[in-house]
Amino acid sequence: MSTYWKHKTVWITGASSGIGEALSQQLAARGAHLILSSRSEEKLNQVCSTLPNSNMHKVLALDVSNQEDLERVLSDSKKITKTVDVLINNAGISQRALTWEANQQSERLIMETNFFGSIRLAKEVLPNMILRNFGLIINISSVVGKFGFPLRSSYAASKHALHGYFDTLRAEAQAEKKNINVLMVCPGRIATNISLSAVVADGSKQNEMDPGLSNGLTPEYCAKRIIKAAEKGKSEIYIGKEQLLIYLKRYFPGIFRKLVSKFKPK
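Numbering (our numbering), first residue to last: 27 to 292.
Hints in this document: simulated from the structure, not taken from any laboratory. Accuracy of the hints is not assured; some may be wrong.
Here are the simulated DSS-like pairs of lysine-lysine, each with C-alpha atoms no more than 27 angstroms apart in a straight line [as the list claims (entries may be wrong)]:
| # | residue 1 | residue 2 |
| --- | --- | --- |
| 1 | 104 | 203 |
| 2 | 250 | 84 |
| 3 | 108 | 204 |
| 4 | 149 | 260 |
| 5 | 204 | 267 |
| 6 | 149 | 204 |
| 7 | 149 | 267 |
| 8 | 231 | 69 |
| 9 | 34 | 250 |
Generate coordinates for the entire structure from the input sequences, incorporating the hints supplied.
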């Protein structure tokens with residue numbers, strides 16, 4: 027097992043379930059010191075209690091979609107956040123709504139959660155990463171960060187925005203000779219509860235598991251791929267058979283457009 031993570035402080039958002047929880051388990055087993063974040067302190071404490079060396083990890087409950095709450099928590103937690111070596115922006119919310127039916131409130135919630143929350147946390151940890159000349163930011167994007175897909179207009183837009191922002195950050199860090207890497211992770215269907223909390227047209231939760239997701243890859247497999255890619259210094263990885271659509275759009279855009287319009291979005 028690699029010693030890359032030993033004694034590193036890793037901040038994981040969306041750590042109470044799914045990919046975030048799987049990353050927490052595997053990184054704790056590799057000797058990392060974790061900061062676990064999500065909206066539910068109770069769920070975070072449950073996850074933390076199951077981790078190896080549970081007393082070495084910290085719980086920091088926050089809502090990345092709520093700017094006022096986020097600023098309050100960050101202001102009170104400077105001693106914790108300034109130690110971060112690796113930030114994993116995993117918190118996110120999906121969508122199940124036709125473009126012309128989705129209300130603006132639901133679209134803003136998606137952007138605040140998936141994009142603005144992620145860049146705010148990055149700005150929180152970057153100054154000390156720059157001072158130490160070491161840092162890694164991992165963003166859990168999606169295959170739809172590379173193309174549009176029915177019922178996912180604002181979700182796809184938020185993930186596209188992540189790529190534009192953090193590809194730029196990576197280039198700037200390299201130009202300034204800073205030892206700070208960015209890893210963009212583009213999973214396809216992973217068997218998590220993301221479809222349960224996905225917002226529909228009026229902004230309410232779908233509260234339904236998509237059949238495609240329930241048959242998707244496991245969060246544990248996804249976490250292993252992410253960890254291995256980070257250790258190798260990768261900049262971008264695709265996980266799952268849905269990555270074929272990325273190449274299809276790149277090399278055969280006309281065929282892609284015809285094909286994707288026929289997909290059953292769930």
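Okay, the hints, checked on the actual structure:
The straight-line distance between the Cα atoms of residue 104 and residue 203 is roughly 26 angstroms, inside the 27 angstroms bound, and the hint therefore holds. For the suggested pair residue 250 and residue 84, the alpha carbons sit about 22 angstroms apart, so the restraint of at most 27 angstroms is met. For the hint pairing residue 108 with residue 204, the CA-to-CA distance comes to about 17 angstroms; that is within 27 angstroms, so the pair holds. Pair hint residue 149 plus residue 260 holds up; C-alpha atoms about 21 angstroms apart against a cutoff of 27 angstroms.
Note on residue 204 and residue 267: the hinted pairing is violated, with a Cα-Cα distance of about 34 angstroms set against a maximum of 27 angstroms. Between residue 149 and residue 204, the direct Cα distance comes to roughly 15 angstroms. Compliance with the 27 angstroms bound is thereby established for this hinted pair. The hinted pair formed by residue 149 and residue 267 fails the criterion: a straight-line CA distance of about 33 angstroms is larger than 27 angstroms. Pair hint residue 231 plus residue 69 holds up; C-alpha atoms about 19 angstroms apart against a cutoff of 27 angstroms.
Restraint check: the Cα-Cα separation between residue 34 and residue 250 comes to about 17 angstroms, which is no more than 27 angstroms; the hinted pair holds.
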